Amino acid sequence: MSLLSVRDLTVRFPVRRGWGRKAWLTAVDGVSFDLEAGRTLAIVGESGSGKTTAALAVARLVGAQHGTVRLEGEDFLTLEGEALRRARAAIQVIFQDPYSSLNPRLRAAAIVREPMDSLGTLPRQDRPARAEELFAQVGLRPEQMHLFPHQFSGGQRQRIGIARALATNPRLIICDEAVSALDVAVQAQILNLLRRLQAELGLTYLFISHDLGVVQHMCDDIAVMYMGRIVEQGDRLSVFNDAQHPYTQALLSAVPAVDRARRRQDKRLLIPGDPPDPLNLPPGCNFASRCPRAQDVCRSQAPVLAPAGGHAAACHFPGGETPIPA
Amino acid sequence: MTPLLSVENLRVEMALRDHAAPVIDDLSLTLNAGETLSFVGESGCGKSMTALAIMGLLPDVGRVAGGRILFEGKDMTAMPAPALRRIRGNEISMIFQEPMTSLNPVYTVGEQIAEVLRRHKGLSNRDARARAVELLDQVRIPNAARRVDAYPHEMSGGQRQRVMIAIALSCAPKMLIADEPTTALDVTVQAQIFDLLRDLGRETGTAIILITHDMGAVAEMADRVIVMYAGRKAEDGPVDDVIDTPRHPYTRGLISCVPHLAATLTEDRPELTEVPGIVPPLSAFGADACLFASRCPLADAQCRSRRPPEITFETGQHVACWKADIA
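Chains X and G, in that order, give the protein sequences.
Here the first sequence is numbered in my numbering, starting from 1 and rising by one per residue.
Here the second sequence is numbered in my numbering, starting from 1001 and rising by one per residue.
Please note: incorrect hints may appear among the correct ones.
[Unchecked claim] Pairs of lysine to any residue residues, derived as SDA-like cross-links and limited to a Cα-Cα distance of at most 25 Å, are as follows:
no., chain 1, residue 1, chain 2, residue 2
1, X, 22, X, 67
2, G, 1174, G, 1123
3, G, 1323, G, 1287
4, X, 22, G, 1153
5, G, 1121, G, 1154
6, G, 1174, G, 1143
7, G, 1174, G, 1260
8, X, 22, G, 1155
9, X, 22, G, 1174
[What the hints assert, rightly or not] Computed footprint of chain X on chain G; a stretch qualifies when at least three of its residues, placed anywhere within it, have a C-beta under 8 Å from a C-beta of chain X:
no., region
10, 1191-1203
11, 1208-1217
12, 1264-1274
Honestly, the hints are just simulated from the structure, not real lab data.
Note that this is a predicted model, so its numbers are computed, not measured.
Ideal placement from N, C-alpha and C gives every residue a C-beta, glycine not left out.
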């Protein structure tokens, strides 16, 4: 059984459009995935693709309209009261911005203790020792426990954020762009720390990122999102080496490469224009307006995820390096 | 031939509470027409400060304390303000990091492009507007004739950055400084912006200074690269040589600490190289030592007590490191 099993997750936000008219913005549209214990699933996509909203809906930090989130078989979305409070300890989040995600008026030790205090996962007298242990695990010195967030650098703050996420021994950790705000050298320190902790503690990560280089380094499985839907999903090597969806192919080809062999492949797939208006999505495939392979069927029928090239892609014409002439 | 831009022993100081710290310390470089030069380094290494010094836009607490900035042979640091204004925005222009905050929200984008043309090229209102439409079209904004009357908030981030580029290019500058032009943008949009900049460099012979922290972007865009650390040049040289055989340990760290996409991925995922610690605080700049020593795996007593001289290699790389030849 998977640790986490998400089915048909849909998140919609009401948007006011003046003079009392209301529209619905579908940020996450029928997303399903499974995550085995001890593995990392990455969700990638560009801004507005719904990747963060999907992850926050899994953690019940935004409400889902529809769908189920099963954590070890238990439906997390229907829990109430004390059962929900206990279950919350099982899903923790590492946030993107190490500056605004730490309370500036609490000392580092208190920040790390906070989840234990509010979720009551450990007897009160054991909490200071646990905080000390967490500090050591994330590579901070014990004397730093008494400092305030502003006395730390960005990388050290992110370590505090990681310690806080580990505090309740969660089954699942959601890393929401956990290294995007950091300088490259510090980013490497945090990525190594996350992988080391995963190996030592058997952690399971849902890793949200827009950086494909970081994602290929961290993930075991990957889901690519575009305009609220998963367009391609599979294991790391299969998706990166044999992308089937034209959007994934474009995304991969857009990443500037240090590797000269990769640059020489010279198959940059430019996708012109901007994504469609999320309040007024076209019928058919959301990507059709920018897709080099789009045909009439793409503009009328939305493709569903189906097996393609050893994994799954939602495309009427998966694979194919060259555009099919219209 | 005189180079388009030549910076000689530039020193820029910033006033701290008790003393002035050199945020740029003895920097020299040359840039020829049509060439793309890239600055890389972490935040706080003086990349953006170099750009601002060249543009004559240093903040009030900073000043040029030594050296010269020669643009077509004329020293810009000694130039009176009106002469500088004629060059700035006209022959040298700049694209800033944040397309969200660099445009004026109360004017249409067309007006913001036209303003530059009226000011520098003396065009009439009507001609300037017509040219603004052409420029928007050139930076591939769809339906330019209509979008010229749009306000910045009506555009996406990528479109706003393209408007910034249109403004920067409006006077066909000889040199363009792009300070992290794509940091706030998605990769597919970044690819569009890079293609645009590369085409423009090729078509008009505009020299480009690209400031970035992404070695991948350097590899794709630039001819030469300068690696900055703590206000000093750590290494410079032709891009391919620097990436293939980096001589400075900081350059090696910058390249190998980032997980890159390779042509073919394999199961193999080694630990990323860590450059421990962070960039030293401004108050430590200017010391007679290698400022990278505290983070360097090779550092010894000499590194901590004397500033390393610049060594030249036959590949055209210049490296300020005591250990450059043992790598």
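Verification of the supplied hints:
Restraint check for residue 22 of chain X and residue 67 of chain X: satisfied, since their Cα atoms lie roughly 23 Å apart, inside the 25 Å limit. For the hint linking residue 1174 of chain G to residue 1123 of chain G, the alpha-carbon distance of about 20 Å falls within 25 Å, and the restraint holds. Simply put, residue 1323 of chain G and residue 1287 of chain G have alpha-carbon atoms about 19 Å apart, close enough for the 25 Å limit, and the pair holds. For the hint pairing residue 22 of chain X with residue 1153 of chain G, the CA-to-CA distance comes to about 21 Å; that is within 25 Å, so the pair holds.
Note on residue 1121 of chain G and residue 1154 of chain G: the hinted pairing is violated, with a Cα-Cα distance of about 28 Å set against a maximum of 25 Å. For the hint linking residue 1174 of chain G to residue 1143 of chain G, the alpha-carbon distance of about 28 Å lies beyond 25 Å, and the restraint is violated. Of the supplied pair hints, the one linking residue 1174 of chain G and residue 1260 of chain G is violated, its CA atoms being roughly 33 Å apart against a limit of 25 Å. Of the pairs offered as hints, the one joining residue 22 of chain X and residue 1155 of chain G holds, with about 22 Å between alpha carbons and a cut-off of 25 Å not exceeded.
With a C-alpha separation of about 50 Å, the suggested pairing of residue 22 of chain X with residue 1174 of chain G is violated against the 25 Å cut-off. Residues of the region 1191-1203 of chain G lying with their CB closer than 8 Å to a CB of chain X number 4, which satisfies the three-residue condition for coverage. With a cut-off of 8 Å between beta carbons, the region 1208-1217 of chain G has 5 residues touching chain X; three or more are needed, and the interface restraint holds. For the region 1264-1274 of chain G, the stated coverage by chain X holds: 9 residues have a C-beta nearer than 8 Å to a C-beta of that chain, and at least 3 were required.
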